[in-house]
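Residue numbers (the working numbering), protein chains in the order written: chain Z, 14 to 269; chain V, 14 to 269.
There's no promise every hint is true.
In this list, chains with the same sequence are indistinguishable; a pair is considered to hold if it fits within one copy or across any two.
[Said to hold, decoys possible] Subject to a maximum C-alpha distance of 30 Å in a straight line, what follows is the list of computed DSS-like cross-link-like pairs (lysine-lysine): (1) K67 x K18; (2) K267 x K164; (3) K195 x K73; (4) K216 x K102; (5) K161 x K195.
No lab work stands behind these hints: they were computed from the structure.
These figures come from a predicted structure and were not determined experimentally.
There are 2 protein chains.
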Amino acid sequence: MKKNKPTILIVNDDGITAPGIKALMETMAEIGRVVVVAPDSPQSGMGHAITIGKPLRLDKVELYDGFETYSCSGTPVDCVKLAVNLIFKGQKPDLCVSGINHGLNNSINVLYSGTMSAAVEGAIEGIPSIGYSLDDFTLQANFSHALKYVKEIALQVLANGLPTATLLNVNFPNTADLKGIKICRQARAKWAEEFDERLDPHKRPYYWLTGVFQLDDQGEDTDVWALDHGYVSIVPVQFDMTAHHAIAVLNGWKFN
Amino acid sequence: MKKNKPTILIVNDDGITAPGIKALMETMAEIGRVVVVAPDSPQSGMGHAITIGKPLRLDKVELYDGFETYSCSGTPVDCVKLAVNLIFKGQKPDLCVSGINHGLNNSINVLYSGTMSAAVEGAIEGIPSIGYSLDDFTLQANFSHALKYVKEIALQVLANGLPTATLLNVNFPNTADLKGIKICRQARAKWAEEFDERLDPHKRPYYWLTGVFQLDDQGEDTDVWALDHGYVSIVPVQFDMTAHHAIAVLNGWKFN
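With the hints as constraints, model all of the structure from the sequences given.
Here's what the structure looks like:
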């Protein structure tokens, strides 16, 4: 059923006060009715975590003039679940957009990112979903160059829909000189951790997680390549994690 | 380089005192040198979360006679990262096993599960990795019927290796009458949430996340089917989330 004005759910993982979600709200307001449900505190790196050991809070807040906005005590994925069930009450929005993330979510980061996991959850709910991220993790990030692409990609998804059980992972290099859009695959890479060991005042050790991004992929069809060359990268993402090509291999094993 | 006694990293998400990890430790000790790194508290539903906003603790603990055991304040994925970097110091273990989870991690649960995400992280690190889960979420779960399969599957992985960038998701029905092993794909399903709304003593609402598993897949090649029919299910899992089949579709879109 086509409606003139689509309903758009906006979520993120940097929290409801992040400049990135404000930029996304203002852009989405140009094309639809916007409902914002975002964490009450930063939730970067929360992946697909959900809150099951303690209860959740969901509060309507007057934070941005003219926007219907809710603050949630849970994870980004919790935000999507609460929105679908308590705010939309099963009447699904036409689009779910997540971000704009302060920092890239290309390559393997799709797994660690709360922003991308919220978009994945939107897709699991059957809502066409997009995660947006910019290569600048600071609060001073400048999203302005990205916004025409943010809008254009959302309009295309609203017009065309997405293949079943897929969503989009959109990343922007941090430049005003964007070369256009590349459809990509997720680059093979990992984080090589280096834990920063310190001693607390009681002389007990504690560790800060830090890491170096380790690319193991020279392909020119990857999101890393596209971003390095000034393009907006779009990776279609799926949440079927089955390694279908490995089924035949395992069927060849002889179990006792 | 083949060694006589493989080194096996054991992790979980139910925490270091869970009966499931004890059963896994005892079984793995029959085939290798075991190192245990597990969360100091239950971390179910943590997905692929990592801890970046606060530091981590890692403590050697004397909890189980004869086992090298560490307790970690972070998520299951943190446990793997800490183990690889601080305990193994880059000298990778020969196998990473996660579980045995109290409760199934079949189908879409692979995304939400800390147990499976720890195994995914092991695979990202290049370690042959397996997640094990039993269909009984109680602390009284009886793992005994599963153990000969747990051992057999680990031995096969040590002997054969796994296809590049894949790992195994192994689930057990809660029965002594196991019919054997089925290699499966992840069933299409989702959780239909029902938030249980309550009022706190100050009359403010809060919500408990509950849900009903909604199967949308009648295939007889899925993990749900195998478990329903008394089989041990093995799904090969990959962490490339690219929807490769959707790339051509998106390349057909005309962007302005």
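Unmet hints by their number, sorted upward, for this structure: 1 and 3
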